[in-house]
Amino acid sequence: MTTPRHRAGRVLASEDFRAGFVEMLPVCIGVVPFGLVCGVGAAAAGANFAGAMGLATIIFSGAAQILACQMLADGAPVAVVILTCSVLGLRFLMYSAAMAPILSPLPRRWSGAVAFLLTDQAFAAAIRKYDAHGDARRAALHYTGSGMALWTFWQVTNAAGFYVGNVIPAAWSLEFAVPLCFLALLAPALRSAPHVLAAVVAGVAVMALDALPMRLNLVVAGVLGIVAGLAVEMAEARWKAR
Amino acid sequence: MEGALKLWIVIVAVGVLNYLSRMSFIAFFARRAMPPMLERALRYVPAAMLAALIVPRIVAALVAGVVAWSTRSTLKTLVAGMVALWLLQWGVPPAHL
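Chains as they are written, first to last, in my numbering: chain A, 1 to 242; chain B, 1 to 97.
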């Protein structure tokens with residue numbers, strides 16, 4: 001009979017967990033600038049330290065954290081901020097569906113808990129691992145390790161960014177790094193012609209719908225872009241099928 | 001401390017909604033396949049949402065670039081770029097100006 005404590009100990013001691021943790025470290029170094037910018041953004045939006053860390057620990061998604069800070073600083077209503085950030089977070093549905101078979105060997109409660117660690121980076125690493133050896137149990141342990149490494153690193157970089165943002169001179173214009181971060185995320189998302197079209201439609205719509213109140217143009221433009229990408233993909237598939 | 005309260009409402013609500021998205025198929029619909037239509041639509045979320053966030057800034061920079069190139073005037077470039085950014089981003093100049 002294994003008690004939960006023993007089970008948790010076995011997980012932490014397992015080779016795959018540790019491999020996941022260690023293999024995630026280079027990725028962690030890569031997200032340092034993004035984490036710093038999130039902390040800087042929280043400080044710039046007037047959040048205190050608890051607020052900045054609440055964003056990092058609970059939302060745990062850089063794009064959503066920055067978006068929330070910017071929209072609140074612009075005076076957008078709370079409901080619209082929540083709506084816009086949630087639409088951005090819908091991509092996790094996609095990752096969740098892809099991760100479900102990998103995490104299926106885990107006890108239900110445990111897989112529900114490690115779902116919290118799901119990010120773009122941890123997802124990519126887990127899928128790679130699973131494709132490499134096809135062992136779901138080992139991939140699940142590996143994912144738990146990489147997810148924990150990323151979460152821990154994220155807290156450190158966000159905290160550092162918060163203090164940096166409060167200390168460094170305004171002349172360094174660190175706020176300029178925010179659009180650069182989004183640009184760096186956007187570039188790899190433009191994988192195909194329909195993806196490019198989705199981005200173009202969203203970009204045009206966000207400007208055309210500028211008159212919408214409460215910064216609703218962001219979420220409406222995003223949804224229009226998604227619909228446009230989907231429509232073109234389906235038209236393309238129908239064309240090929242003929 | 002109205003701002004702090006707003007921030008915490010957003011943190012908790014977005015945190016919970018993001019967690020539900022993350023958990024959805026792992027915990028709730030583990031034995032169910034995602035509707036194919038939804039799966040296809042979700043692939044466009046990052047491209048569309050990120051473009052909506054930054055395109056106004058890129059266009060403003062391009063407007064400023066064109067004005068700089070055609071007028072060679074620093075003042076006109078600055079004015080055109082900033083006005084373009086405000087119009088594209090907020091529809092109005094920022095309140096504190």
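Please keep in mind that the hints were generated in silico from the structure rather than gathered at the bench. Nothing here was measured: the structure is a model prediction, and the numbers come from that model. Cβ atoms here follow ideal geometry from the backbone N, Cα and C, with glycine treated the same way. Hints may be right or wrong, so weigh each one.
[What the hints assert, rightly or not] Coverage of chain A stretches by chain B, computed from C-beta distances (three or more under 8 Å per stretch; other residues unrestricted): (1) 29 to 38; (2) 63 to 70; (3) 83 to 96; (4) 123 to 135; (5) 147 to 160.
Hint-by-hint comparison with the structure:
Coverage of the region 29 to 38 of chain A by chain B is violated. Counting CB-CB distances below 8 Å, 0 residues qualify, and the rule asks for three or more. Beta-carbon proximity to chain B at under 8 Å applies to 4 residues in the region 63 to 70 of chain A; the threshold of 3 is reached and the given coverage holds. Residues of the region 83 to 96 of chain A lying with their CB closer than 8 Å to a CB of chain B number 12, which satisfies the three-residue condition for coverage. Coverage of the region 123 to 135 of chain A by chain B is violated [criterion: at least 3 residues with CB-CB distance below 8 Å; count 0].
Check result for the region 147 to 160 of chain A against chain B: violated, 0 residues qualifying (beta carbon to beta carbon below 8 Å, three or more required).
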